[in-house]
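Peer 1: Listed below are the residues making up each chain.
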Amino acid sequence: MKIVTLLCLALGLMAPAISAAETQEVNLYSARKEALIKPLLDQFSADTGIRVNLVTGKADALLKRLETEGENTPADVLITVDAGRLHRAKAAGLLQPVDSTVLQESVPASYRDPQHHWVGLSLRARPIMYVVGKLDPSALKSYEDLAQPKWKGKICVRSSNNIYNQSLVASMIIANGEQQTEQWARSLVANLARPPKGGDRDQIRAAAAGQCVIAIANTYYLARMTTSQKDQREREAAGKIGIIWPNQDNRGAHINVSGAGVTRFSKHKNNAVKLLEFLVSDTAQRFYADINHEYPVRADMEPSDTLKQWGRFKGDAVNLSLLGENNSAAVKLMDRAGWR
Amino acid sequence: MAAVSALLALPILVVLSFVLQPAGEVWRHLLDTVLADYIVNSLLLMVGVGVGTLLLGVGSAWLTTQYQFPGRDTLIWALLLPLSMPAYITAYTYTGMLDYAGPLQYQLRDWFEWSYGDYWFPEIRSLPGAMAVLSFVLYPYVYLLSRAAFLEQSVSVTDASRLLGCTAWQSFHRVGLPMARPAIIAGLSLALMETLADYGTVQYFGVDTFTTGIFRTWFGLGDGAAAAQLSSVLLGFVFLLIVLERWSRKRAQYHHVGIRSQPMNVQFLRGWRATLAICACALPLMLGFVLPTGQLLVWAYRAADQIVGPEFYQLILNSIALAAGAALLAVIIAVLIAYGKRLSPSKIVVSAARVAGMGYAIPGTVIAVGVMLSLAWLDNHIDFWFRRNLGISTGLLFSGTLFALVFAYMVRFLAVSLQTVESGLAKIKQSMDDAARSLGYRPKEVLRRVHIPIMRGSLLTAGLIVFVDILKELPATLILRPFNFNTLAVRAFELASDERLADSAIPAITIVLVGLLPVILLSRAIARSRTTTYVERTNADN
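Protein sequences, first through last, are from chains W and X. Note that my numbering gives residue 22 to position 25 of the first sequence, counting from 1, and the numbers run on in steps of one. Numbers given in my numbering equal positions in the second sequence, counted from 1, plus 1.
Simulated from the structure, these hints should not be mistaken for lab results. This one's a predicted model, so the numbers in the text were calculated from it and none came from an experiment.
Going by beta-carbon spacing under 7 Å, a handful of chain W positions derived as facing chain X:
hint : residue
1    : 31
2    : 51
3    : 66
4    : 192
5    : 193
6    : 194
7    : 202
8    : 203
9    : 208
Glycine included, each C-beta is placed from N, C-alpha and C at the ideal position.
Put together the whole structure using the sequences plus the hints.
Peer 2: Here it is, written out as structure tokens:
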């Protein structure tokens, strides 16, 4: 018993001392993976002298942590990789509005919260991919077309557990209504080449290997395969794939953002805002574009060369908050449609 | 002791308390659509993994204890190696090898000029695939515990059975197996609890189980209450397992009367028998370790562009320190609880320990949330009190510290250490205690001078399993860890979930390497305890 008490005490003492508000630091909860954010944070610290403390994790878990910690939370900034979670954080009262002209001027209105609780930092497009030569791209013009019986046994898509699919379906609910979207989801499931499994890259690989002709995936996965330096087979697979920008005649291709907001009980708000402003700066936006092949959120920044070769496209301009609001409807709909 | 076990039971009780919250509409939806699938898949998965781990684990344990054949001494410890493989990493490697787009099928298509649909090939990412992968990683639990039991069996019993005319098979089936049954079932229930808690593998394979359902309900549908209620249904499964395990233990209270008075009397195998034994023992090792690690090495060599620098050494250090410290603590707590129960089986201690023991089957994320809620509540109340009475804010004292993390590990892994320690303690007859007490030892001394030396194998086993489990533990570590603190498992997961399997191979291999050392040390210690313990103890007693 004594030993246990001692150990507990020792561990308690190892806890970082309660941080003083004066120190130049900012605490970050990030659903963006360390490898995809750390270099930027280091740059920020070098530029400003503000130390960044980082915990990465899954968005929902980080939200829960923020929520349970309440007003004593050490976190100043929350970063997620989809707008739905940012919306959820806002709805739960975990974020606060940020009044920054830099952010408002840099980020187009549809990629940030109308009440300034969060801003998008990079864009992620989810177009339709196909095996070049096995399909006439002009025969497939929209997400809705994927429901046509002629694509039976030709489509690969990952599980509906994934937030990217949930957001896509949420965007379709907004555009077409729930009933029509459920019908669409049923037909899509009937067209699948195999039960949903694996991640986005797996869908692309399966298409390249001939298991299906059409895959739905985020562009940066394909871009990373294309630029994979050491893995020749990945490059070969990616070389067989072409991109169809869907719904160019109407709402545009589905887009989500990775984004950030300042927490409601932030103890270093000034630093937090500085960090957000840094993340939309030229340096940071180039990093998103060149290292991870995401589309910069700023209209005046060019995407990476790999992305450029897939051409410009029209993105769905629906305000991303709505995706979050429709997320649970989307999940239920996919349950009913049998999309695993 | 009651306080400690109650504290450890708290996070689970917090999760359970959500049962009282209404969540009618979502339940309706779940019942209408996916709940039946969750139940059926979870049950099938448990049956499959149960059969798989028994076949792989018990057979190899018996062969390596009763027979001598070339390579046996290596196999004895090597068979434990899959323990250090995170299940989801193994799942990734098998998919890499066997998937339609993988090298094997690619080569087959190339040779025979097949295309999609021309041929049949087992689909790895499926329910049977999940059963296989989980069996490959989890059989060491069964192997470890049943081997320890076979070793602790008095040699004279097996000898007697052979003298009385039993064939080798009969001696296994009628004597060795029944006597080892409590240990085998303890190992099996660990494997099954881990199966229930698994998220990574089933999620990647597209198999909808209770765990995937909990996360879908919580995150996708945004209904925490319904998710917690699903978790309580999961606890129902666990409760069933535990009852089953207790029941089997009660029916068969095997104490070994004779002590290991003779060195192991192993039979030498030659010729085809030896070959067969080697193959039977090498198979689990191949499937659970050699093949997946091989694939990891190929990935790491071919594509990884990660630099192994000082920052990476820090990861290794963090992982080892955390796992070793927490494993030690878990064993100490388990010994105290188990011994407390032996001395005076108070109802509170017993039931609190049992609730805490359920933690092993609950997905780490759910435990973590329970821990967060408990600690944040405590922190915020302390803070409130200090601010009101002393005018200073204490902030968060426990949340977001290593304490929170270690606390979560205790909740999650107490079952492992407790079961192992209990099954070790149960084999020591009460008359030993009585004898020691009548010779004037106080209970503490009995524990130190009689029980702990006899149980040394079990204690080391418990420590090792918890160490390796923590080394690869992911969900709780991910959520609860302090700022700027990473482990190997976190790194491997981050890269793998970003679909950068090649880069994740290096931390994954390092987890395996770090897990290797204690595995080797442990099996040495267990092997030694077989021949030396008795002598040491006689000396101590004199």
